[in-house]
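If you're matching them up, the sequences are chains Y and W in order. Sequential numbering from 1 applies to the first sequence in this note's numbering. Sequential numbering from 1 applies to the second sequence in this note's numbering.
Note that these hints are calculated values from the structure, not bench results.
So the derived list for chain W, only partly shown, Cβ under 8 Å to chain Y, looks like this:
(1) Gln30
(2) Val31
(3) Glu45
(4) Met132
Quick caveat, the model's predicted, so the values are computed rather than measured. Built from N, CA and C at the ideal position, the CB exists for glycine as well.
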Amino acid sequence: MITFLLTSLLGVMLIGIPILLAIALIGFVGMAMLRDVVMPLFAQKMFAQLDSFTLLAMPYFILAGSIMTAGGISRQLVDFARALVGHFRAGLAHASIVGSMVMSGVSGSSTADASAIGSIIIPAMKQTGYKPGFAAALIATAGTMGAIIPPSMTMVVYGAIAQVSIGGLFLGGIIPGILIGLALMATVKLYTYHPKYPELRQVTARFDLCALWHSVRSAWSGLLAPLIIVGGILSGVFTATEAGAVACVYALIIGFIAKKITLKQIPNILVDAAITTSMVSGIIAVSGPMGWILSYLQFDAIVLNSVSTISSSPTMILFILAAVMILLGTFVDSLIVLLVFAPVAVSVTKTYGLDPFQVGLVMVICNQIGAVSPPTAPLLFITTSIAKCPIDQTNRHVWTFMLAETLVLMLVILIPGLSSWIPNYFLGR
Amino acid sequence: MKPLFAAIDRTIELIVAAIFAGMVMVGSWQVFSRFVLNSTPSWSEEIQIFGHIWLVFLAIPIAYRRGAHITVEAIRNYLAGWMNKALDLINELLWIGFAVATAYYSYRVSLVTGNSVSPGLEIPMSYPYYGMILGSVYLLFVVIRRLAGELPPPDPDELPPELAAP
Numbered sequence: 001m002i003t004f005l006l007t008s009l010l011g012v013m014l015i016g017i018p019i020l021l022a023i024a025l026i027g028f029v030g031m032a033m034l035r036d037v038v039m040p041l042f043a044q045k046m047f048a049q050l051d052s053f054t055l056l057a058m059p060y061f062i063l064a065g066s067i068m069t070a071g072g073i074s075r076q077l078v079d080f081a082r083a084l085v086g087h088f089r090a091g092l093a094h095a096s097i098v099g100s101m102v103m104s105g106v107s108g109s110s111t112a113d114a115s116a117i118g119s120i121i122i123p124a125m126k127q128t129g130y131k132p133g134f135a136a137a138l139i140a141t142a143g144t145m146g147a148i149i150p151p152s153m154t155m156v157v158y159g160a161i162a163q164v165s166i167g168g169l170f171l172g173g174i175i176p177g178i179l180i181g182l183a184l185m186a187t188v189k190l191y192t193y194h195p196k197y198p199e200l201r202q203v204t205a206r207f208d209l210c211a212l213w214h215s216v217r218s219a220w221s222g223l224l225a226p227l228i229i230v231g232g233i234l235s236g237v238f239t240a241t242e243a244g245a246v247a248c249v250y251a252l253i254i255g256f257i258a259k260k261i262t263l264k265q266i267p268n269i270l271v272d273a274a275i276t277t278s279m280v281s282g283i284i285a286v287s288g289p290m291g292w293i294l295s296y297l298q299f300d301a302i303v304l305n306s307v308s309t310i311s312s313s314p315t316m317i318l319f320i321l322a323a324v325m326i327l328l329g330t331f332v333d334s335l336i337v338l339l340v341f342a343p344v345a346v347s348v349t350k351t352y353g354l355d356p357f358q359v360g361l362v363m364v365i366c367n368q369i370g371a372v373s374p375p376t377a378p379l380l381f382i383t384t385s386i387a388k389c390p391i392d393q394t395n396r397h398v399w400t401f402m403l404a405e406t407l408v409l410m411l412v413i414l415i416p417g418l419s420s421w422i423p424n425y426f427l428g429r
Numbered sequence: 001m002k003p004l005f006a007a008i009d010r011t012i013e014l015i016v017a018a019i020f021a022g023m024v025m026v027g028s029w030q031v032f033s034r035f036v037l038n039s040t041p042s043w044s045e046e047i048q049i050f051g052h053i054w055l056v057f058l059a060i061p062i063a064y065r066r067g068a069h070i071t072v073e074a075i076r077n078y079l080a081g082w083m084n085k086a087l088d089l090i091n092e093l094l095w096i097g098f099a100v101a102t103a104y105y106s107y108r109v110s111l112v113t114g115n116s117v118s119p120g121l122e123i124p125m126s127y128p129y130y131g132m133i134l135g136s137v138y139l140l141f142v143v144i145r146r147l148a149g150e151l152p153p154p155d156p157d158e159l160p161p162e163l164a165a166p
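Sequences and hints are given; from them, build the entire structure.
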């Protein structure tokens, strides 16, 4: 029955039924097939899935991101990044990575990151002679840091389902997120030696301390936001959810003071953020009935058993889990893969005594690699449409950047401390 | 009828905006009151959770109206015109099924849970389910309007900026 449900989920999604409907349908059919289930459970499980205070961090960080974007934060952060690293060879490429990194500290979503940074810097990169496919692939991969550097919506979703501290996951994402940024910069550096990329050897700007200072002064509110969020969670002043609410108020006050936002814009910003919330929270809600069916049929135990016949080493198990998630993530929407596999990850954590933050980070990074792996890669679609080039040009370039991110994933699997040291040290589990 | 429908649409949007604004205010009040007044209100977490449920189910139809729900389009591009039309019709029928099932079963649950009281706010536990019912009824209303051709096809310009690109 599990095979039937999961293959039909895949089939229904592939013929273009919205993901929310596809999951709801599978949960509904599954419940109807079990004779001893009373059907109102369908509504009750949707309610139960959303009945979580930790999940609220997601709408709050979506809203904070929308307010900051409406206030023009992304341009200021890109200007800051250009002033900081724009004088390197392939300066714009490096600036786009640093810009995405800083933007990741403000927004919790990789799609928001990729579209905000991409719409500003991709046109500039094309003007300088960069290949559009290269630019689109780079910005999409850099955008994945949005879900790995705190705050992160993906971590909120995983933490709420797997019952792992979201503050801890946020803190665990700091080192892996920065490593991904450095790995991407190293990849760009390697590209500068490639004979077919002469445009990457140009130096287009000179370092100017004055300009850097100027950019810091205009971007300070955006640079300060991650410090408030991470600092607040580190010191235990507030939880991840409260940090989200505080970030919204902070963004509003800054927007009003800088006269970037008017009172009239507020309702529309709220509605836009609510739509984004409903798309993600809606999928989470309908995954309640489906998740209930899967656990009723002991899906996690079945996967765990079949995996443990291959190997018994915890590291090996994590590698296998990661490989399966990335493989599925290339064909299926990666949010669904995360929702289906979160319970499996919980059993793996418990059975093998792994650190919950390490497992969480592995899950989130796999989810993000899935989001840039063709053919179904939402991040690539966004940046490619900004770069206005055929999608196969982007696909041709994305492999190198994905490889860099996969190397970081391997490090996170092999060295638990990268993802677990900060949260365990500061939150003192 | 058109002005009336437009007024209903706008009212729902404003309700959603008001709920969201209220949630943020309660959330920041919770932090403020813990640090400045040294007391954590017992009702604040619960009211945000219930607000979120209302928000999600009321915004699902708005997202539907604007064509925002995530869909895998890859195979659609290779299908013939009539097959796409048929699939679109199946989609709308599934939306109707989802709306009816959610509304009806939420109503059934609300009958039972109405007898118990929530621990924080001390309101009947049926209140969050009313959001699911209202949202689903509005969804049904919107889908039927689209089937009847009253609702224009989704306009990408109406999407939130981070979703508008593809």
